[in-house]
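Just so you know, the sequences run in chain order A and B. Just so we're aligned, residue 482 is where the first sequence starts under the numbering used here, counting upward by one. Just so we're aligned, residue 3 is where the second sequence starts under the numbering used here, counting upward by one.
Since the hints were derived computationally from the structure, they do not count as laboratory data. Some hints could be false.
Claimed, not checked - Here are the computed lysine-lysine pairs in the BS3-like style, where the Cα-Cα straight-line distance is at most 27 Å:
1) A:K520 x A:K556
2) B:K78 x A:K520
3) A:K615 x B:K21
4) B:K22 x A:K615
5) B:K22 x A:K634
6) A:K653 x A:K682
7) B:K22 x A:K653
8) A:K644 x A:K634
9) A:K689 x A:K747
10) A:K494 x A:K556
11) A:K557 x A:K520
12) A:K520 x A:K494
13) A:K634 x A:K747
14) A:K494 x B:K78
15) A:K494 x A:K634
16) A:K615 x A:K644
17) A:K556 x A:K881
18) A:K653 x A:K634
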Amino acid sequence: MTDAATTPDLFSKFDGLIEQRRALLANGIEDPFNLVMEKVLSPTVAVCNGRETILLGTYNYMGMTFDPDVIAAGKKALDEFGAGTTGSRVLNGTYAGHRAVEQALCDFYGMDHAMVFSTGYQANLGIISTIAGKGDYIVLDIDSHASIWDGCKMGDAEVVPFKHNDIEAMEKRLRRIPEGAGKLVVLEGVYSMLGDIAPLKEMIAVAKAHGAMVLVDEAHSMGFIGPNGRGVAEDQGVLDQVDFVIGTFSKSVGTVGGFCVSNHPKFEILRLVCRPYVFTASLPPSVVHTAATSIRKLMHAGDKRAHLWENSRTLHAGLIARGFTLGTQTPQSAIIAVIMPDLERGAAMWEALLHEGLYVNLARPPATPAGMTLLRCSLCAEHTAEQVQTILGMFERAGKTVGII
Amino acid sequence: MDRADTSARIAAVIEPFNKKAVALTDDSTFAGDLEWDSLTVMDFVAAIEDEFDIIISMNQQAEIETYGQLIDAVTKIRG
Chain A
482 MTDAATTPDL FSKFDGLIEQ RRALLANGIE DPFNLVMEKV LSPTVAVCNG
532 RETILLGTYN YMGMTFDPDV IAAGKKALDE FGAGTTGSRV LNGTYAGHRA
582 VEQALCDFYG MDHAMVFSTG YQANLGIIST IAGKGDYIVL DIDSHASIWD
632 GCKMGDAEVV PFKHNDIEAM EKRLRRIPEG AGKLVVLEGV YSMLGDIAPL
682 KEMIAVAKAH GAMVLVDEAH SMGFIGPNGR GVAEDQGVLD QVDFVIGTFS
732 KSVGTVGGFC VSNHPKFEIL RLVCRPYVFT ASLPPSVVHT AATSIRKLMH
782 AGDKRAHLWE NSRTLHAGLI ARGFTLGTQT PQSAIIAVIM PDLERGAAMW
832 EALLHEGLYV NLARPPATPA GMTLLRCSLC AEHTAEQVQT ILGMFERAGK
882 TVGII
Chain B
3 MDRADTSARI AAVIEPFNKK AVALTDDSTF AGDLEWDSLT VMDFVAAIED
53 EFDIIISMNQ QAEIETYGQL IDAVTKIRG
């Protein structure tokens with residue numbers, strides 16, 4: 482027999498968060514985590530609450546979502562291959578388009594192997610949990626993305642974090658790992674909360690000196706960092722030292738999906754042993770065809786890359802000049818994080834910007850490092866120079882309204 | 003290395019982290035009695051690792067909730 486009064490409610494663990502949310506919304510503020518894009522007019526403009534809104538928080542770095550060739554490829558694939566595969570990659574779910582997008586990735590990165598997952602989250606989850614097993618050690622940056630942490634949690638390896646971007650702290654941990662144990666160092670090119678980059682050249686040299694394999698998540702650098710847009714490792718001249726590059730289609734590529742590229746000679750066996758690859762349906766044909774078309778166009782996107790960097794530099798300098806505190810001293814990527822004094826004023830600023838007609842991401846713990854509340858801006862190569870000036874004006878007015886500057 | 007030696011060295015490392023000067027016993031908890039957040043825990047674990055030149059993996063940390071469990075774990079890791 483059960484008694485309602487003594488039956489533990491599994492949801493009681495969320496009471497703190499429920500109360501924090503209630504208190505925030507009780508002030509009449511709009512829910513920052515429940516916004517609906519009613520219409521999407523372009524990579525940089527949508528309609529939210531009936532208001533035309535500039536999008537500055539989409540990770541749509543290269544603006545490929547509305548590229549005419551990309552759209553055409555998707556429509557054609559819908560007509561020719563149908564709406565979905567209804568199957569796993571290892572059963573009935575590998576179509577010509579899945580092979581085509583994997584070949585596009587091999588060509589883009591100049592690597593031998595590419596494996597496409599249904600999301601970027603699953604790529605990290607699957608690769609990390611599968612290659613690092615019992616008795617192996619994963620050494621990772623403490624500010625790693627949730628998908629990396631979850632990959633660690635799902636596997637059986639010993640997990641050893643080190644302080645963010647701290648080469649010496651990483652070296653110490655590698656040095657202390659027992660002789661003979663397998664080692665995987667997990668790093669990111671761009672850390673998405675503050676938009677800062679990693680000193681990959683130095684860190685990878687240390688990792689290799691200790692006999693570790695190296696995995697780098699380049700989700701936030703693909704398409705615009707490095708001479709060929711291959712990411713931070715390419716930019717720092719060490720891509721050939723990286724054993725596994727993890728990436729995503731949901732940022733610069735402009736659709737959804739995740740991948741790992743590698744030169745490891747035994748890489749293909751992962752298709753049979755990696756559970757987040759095997760036990761889920763593959764991406765729809767329209768998605769893989771849009772991705773393949775987009776990736777091939779990104780190989781020749783030098784002008785767009787240059788414009789994106791110009792946007793990033795202009796926004797960074799403009800926000801500093803207006804008295805905002807930013808996550809990085811210099812613009813290091815297409816992410817510019819504006820540090821808020823606390824969650825309440827962060828949410829108020831977010832709402833004030835929305836009323837101005839600007840969407841940014843409100844980021845807060847536990848996603849953020851050091852308990853920070855951030856307004857995270859991600860720029861797009863399709864933002865015009867005029868839009869960036871408009872954005873700066875919106876920040877100035879909203880910042881003064883809320884009392885942050 | 004014996005437990006008493008380990009205990010004394012941990013006590014020295016913990017002092018700057020024990021901001022409220024909580025009197026420590028083997029049953030004192032890091033989250034509860036010392037009220038440490040995850041960032042403090044990370045810095046403290048790094049300090050302990052440096053002091054003894056060891057690794058305390060996340061997997062091992064999950065089993066360590068009290069001061070006494072930490073002393074036992076470090077003593078065991080050091081062999």
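Here is what the structure says about each hint:
{"no.": "1", "hint": "A:K520 x A:K556", "in the structure": "holds (19 Å)"}
{"no.": "2", "hint": "B:K78 x A:K520", "in the structure": "violated (61 Å)"}
{"no.": "3", "hint": "A:K615 x B:K21", "in the structure": "violated (38 Å)"}
{"no.": "4", "hint": "B:K22 x A:K615", "in the structure": "violated (39 Å)"}
{"no.": "5", "hint": "B:K22 x A:K634", "in the structure": "violated (33 Å)"}
{"no.": "6", "hint": "A:K653 x A:K682", "in the structure": "holds (17 Å)"}
{"no.": "7", "hint": "B:K22 x A:K653", "in the structure": "violated (30 Å)"}
{"no.": "8", "hint": "A:K644 x A:K634", "in the structure": "holds (19 Å)"}
{"no.": "9", "hint": "A:K689 x A:K747", "in the structure": "holds (19 Å)"}
{"no.": "10", "hint": "A:K494 x A:K556", "in the structure": "violated (45 Å)"}
{"no.": "11", "hint": "A:K557 x A:K520", "in the structure": "holds (23 Å)"}
{"no.": "12", "hint": "A:K520 x A:K494", "in the structure": "violated (37 Å)"}
{"no.": "13", "hint": "A:K634 x A:K747", "in the structure": "holds (24 Å)"}
{"no.": "14", "hint": "A:K494 x B:K78", "in the structure": "violated (34 Å)"}
{"no.": "15", "hint": "A:K494 x A:K634", "in the structure": "holds (20 Å)"}
{"no.": "16", "hint": "A:K615 x A:K644", "in the structure": "holds (24 Å)"}
{"no.": "17", "hint": "A:K556 x A:K881", "in the structure": "violated (46 Å)"}
{"no.": "18", "hint": "A:K653 x A:K634", "in the structure": "holds (22 Å)"}
Of the hints listed earlier, those the structure fails to meet are numbers 2, 3, 4, 5, 7, 10, 12, 14, 17, in rising order.
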